[in-house]
Amino acid sequence: MGDSGRAEMLAQVTRLGQKPGVQSTLLLARESGAIISTSGLVSKSSEVNPDSILPASQDDPAEGYANGLTKGGLHNAEDVARLVLNFVETASTLAGGIDAEEEVKLLRVRTKKNELVIVPSAKYILVAIHDTPPA
Amino acid sequence: MDPAARREAILAKKEKLAELKRTRALRQQELQNSRQASGEHADLIQPTPNRAARQRDIDDILTSVLGESRSSSVGPRETASPRGGSRSRPGSVVSSRPFSDDRLVSTPRLSSGSDEPQSQAGASVQSESTYVASGTQTLSVAPLHTVYEDPGDAAPAPEIVTYSKAVQTVDDWEPQRRHNEPDSDDEDWLGDGRSPRRRRQKDRLEQIRQELRKEIEEEVKSAVKPADEAAADAKQLERFPARTLSTDELEAVSGSRDFQDFIDQSTKVIERALDEQYDLLIDYTQGKGDLDEDDEGYGAGRVKKGRRVKEVAQYWDERWSKKRMISDLGFSPKYPELLLAAYTKNPSAPHDPSGLLQIWNAHMPSRPEYTFHASSDILTAKFSPFHPSIIVGGCYSGQVLLWDTRSKSTAPVQKTPLTGAGHTHPIYSLDIVGTQNANNIISCSTDGVVCSWSIDMLAQPQEYLELLAPSPSKTEDIAPLCIAFPQADPTYFLAGTEEGTVYACHRYERAGAKAGVDARVRYTGHAAPVMSLDFHPARGPVDLGDLVLSASMDWSVKLWRVRPPAALGTAVTGGNSVQGPVMEFPREDLVFDAKWSPVRPGVFAAVDGAGTLEVWDVNVDIEVPVASVKPSERAGGSAAWLKRSLNRCAWERNEGKKIAVGGLDGVVTVFEVGSELGGTETSKVEEWTQVKKVIGRAEAQIGARAAVNGRSGL
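If you're matching them up, the sequences are chains A and B in order.
When we follow the UniProt record's numbering, the leftmost residue of the first sequence carries the number 1, and every step to the right adds one.
When we follow the UniProt record's numbering, the leftmost residue of the second sequence carries the number 1, and every step to the right adds one.
Some hints could be false.
[To be verified] Here are the simulated DSS-like pairs of lysine-lysine, each with C-alpha atoms no more than 27 Å apart in a straight line:
| id | chain 1 | residue 1 | chain 2 | residue 2 |
| --- | --- | --- | --- | --- |
| 1 | A | 113 | B | 268 |
| 2 | A | 112 | A | 19 |
| 3 | A | 105 | B | 268 |
| 4 | A | 112 | B | 268 |
[Said to hold, decoys possible] The following residues of chain B were derived to be distant from chain A, with all beta-carbon distances above 10 Å:
| id | residue |
| --- | --- |
| 5 | 201 |
| 6 | 462 |
| 7 | 491 |
By construction, these hints were calculated from the structure, which means they are not laboratory data.
Predicted model only: the values in this text are computed from it and were never measured.
Just so it is clear, CB atoms sit at the ideal spot from N, CA and C, and this is done for glycine as well.
Build the full structure now, drawing on both the sequences and the hints.
Set out below in structure tokens:
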């Protein structure tokens with residue numbers, strides 16, 4: 001499987017990352033916390049595998065809601081990953097505490113400027129950060 | 001000096017002191033009493049105590065302090081003696097000297113002496129220096145500086161603090177001291193010089209001590225913290241490696257089945273979330289005014305609000321929809337938000353599968369919910385009305401395909417074989433008829449073959465029927481492009497052919513008629529291929545199930561009244577009755593599809609080659625459509641007008657509020673109709689009876705005309 005093969009695999013995530021309004025996406029392995037792919041995020045680590053970085057959306061600020069985080073205001077992938085993992089962990093504790101059989105399926109965190117949509121599964125976590133109308 | 005003798009002396013002094021204390025306590029009580037008796041007088045007495053008494057008091061304090069401190073610190077002193085015992089002695093000796101007037105000297109002693117038990121090493125040095133000072137009997141207090149500065153590195157104890165500390169344990173010291181303070185005038189004269197300094201020194205010491213404490217704390221912290229931090233770091237590293245995967249790892253991960261499933265699901269979920277139009281956090285009090293109330297929509301002004309037809313969504317997939325034509329559309333009966341679209345092949349992509357099926361979700365316009373493929377162009381497809389996850393389709397190759405949305409693969413889960421047993425010509429039309437427990441797929445190919453299949457077994461048709469044109473026609477062959485079943489009877493259907501005739505067909509033999517095309521009746525009127533047939537859904541108070549709409553390339557839509565097969569059997573025998581349409585709706589272009597509204601009796605939608613969707617209501621007007629709209633041009637789409645043609649339309653079956661249209665450009669457009677054209681809530685019984693009336697009137701007109709024509713013909 002070559003480069004294109006994997007790109008095909010991640011095509012849906014790439015697509016997602018390129019949707020208008022989507023600032024960044026982050027795909028994590030839940031167990032290890034490793035970053036499988038990112039888009040629209042910077043990484044502080046120097047030995048980042050360039051394959052894991054997907055193209056981000058070229059937002060037209062006039063069209064969408066350009067709520068910060070345009071060029072220069074990018075988040076750090078590792079930081080976001082850590083925060084998200086923590087948050088998912090907490091949410092899982094909550095769900096598990098209510099019912100041991102329970103499982104977190106979707107987390108939407110609406111902030112003033114953005115919304116984080118987090119889809120956790122047993123093995124992976126997919127996060128999309130997108131602009132929302134200011135609320 | 002002999003310690004024993006000294007101890008004895010001290011004991012004696014103690015006794016004396018005790019006595020003194022008693023007397024003083026007495027006196028104090030007296031004083032208190034007297035003060036209570038006469039406040040003013042007490043004030044006078046207090047500041048002027050008798051000098052001798054005062055002096056005695058002071059001395060008493062001194063001795064008591066020294067004696068006390070000494071006796072109380074016997075233990076520590078003894079233990080400390082190997083180190084500084086001999087040197088510390090002089091301090092105590094000096095201080096415990098018999099009362100002298102030299103209080104100046106003795107007072108410092110007092111301090112150093114009380115210091116001693118606490119800090120042997122430092123205090124011994126200082127006490128030596130003070131001893132010298134006391135020896136010379138000068139008033140110099142210079143060495144005192146060192147007294148307080150030296151012990152800095154040892155446990156620093158300012159005079160006053162230790163002083164009280166050392167004695168605090170003894171009950172009777174406190175009152176004495178308190179009593180002493182107000183009238184310690186004598187001490188003040190020398191204390192004046194010292195106390196500020198003392199205070200200063202004390203402050204300084206305090207400061208030093210705090211600094212020290214801080215330092216120590218910091219040291220402790222720094223000693224503890226690295227460990228903590230290291231642990232935390234290690235934990236973080238373990239839990240959140242700030243690394244990305246290597247290419248190999250990436251390949252491994254992204255190749256796994258789990259991963260693919262996850263990606264598939266999660267991206268769908270996120271896209272649905274993103275495509276959600278409604279802002280949950282909207283604050284209507286903010287009144288931005290951008291909530292456009294353009295209820296007028298298309299043809300604003302002229303069209304009444306309830307009759308408007310408004311575009312709500314367009315579905316297009318960049319990767320798959322390109323250069324394909326839409327061949328069929330259909331809403332899911334179970335999930336009204338799901339819309340199925342069948343596509344023909346993309347001529348410029350020979351390596352892509354020819355047939356494409358996309359299921360769009362109203363909540364996720366940006367990508368299809370499911371995508372299915374076929375090796376041949378899909379010409380018709382529909383959701384099974386009896387099973388929400390099953391889709392059947394007919395191909396150009398003559399195969400009937402069956403997909404399942406539960407299947408992970410995009411390929412059909414079942415398909416009919418390409419053999420002589422089934423169809424060998426393109427299947428342009430199929431239907432699923434029967435009941436929940438007994439239903440069949442009926443497919444019809446252009447060579448006139450109609451097959452019935454069981455959903456469980458597509459290997460072989462259950463029924464095979466060849467439609468042949470009845471005798472008057474020149475050739476036996478007929479090419480049906482569409483079939484339609486009435487709601488009530490799954491054994492009887494109409495077939496619209498390429499030459500324009502609509503035939504009534506029976507699946508089985510029945511009284512007076514063979515299976516196949518019914519020779520006794522045909523419906524003529526179209527001069528070009530019939531593209532679609534649609535029976536009235538008839539879910540109302542009046543049975544309109546015998547009304548059929550046909551759309552044809554002869555630029556018209558026609559409405560027929562179909563005679564039920566039972567009536568045919570008795571009324572006409574042997575004769576070839578030719579039935580004309582009840583109503584005609586001439587259009588300005590090829591009409592590709594016409595469909596009854598599932599909920600409103602007189603409403604139907606038609607799409608034509610000009611790319612127009614027209615909505616008609618026979619109750620309102622039979623000359624012009626109630627609404628006529630064109631799908632908006634997709635951004636970036638080709639503008640060729642040829643491409644604008646619309647092939648198919650489909651109503652959402654539960655509420656009848658949405659119409660999906662699609663055509664040559666491969667874009668699916670969904671319209672929503674106003675409350676007068678769709679929706680169940682405003683439906684009235686009168687509508688049904690009125691439709692019946694309208695049809696009856698039209699029939700009467702035709703009958704009258706026929707009679708006139710017949711007479712003139714004679």
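Next item on the list: State the violated hints by number, sorted upward, taking the hints as numbered earlier in the document.
Entry: none
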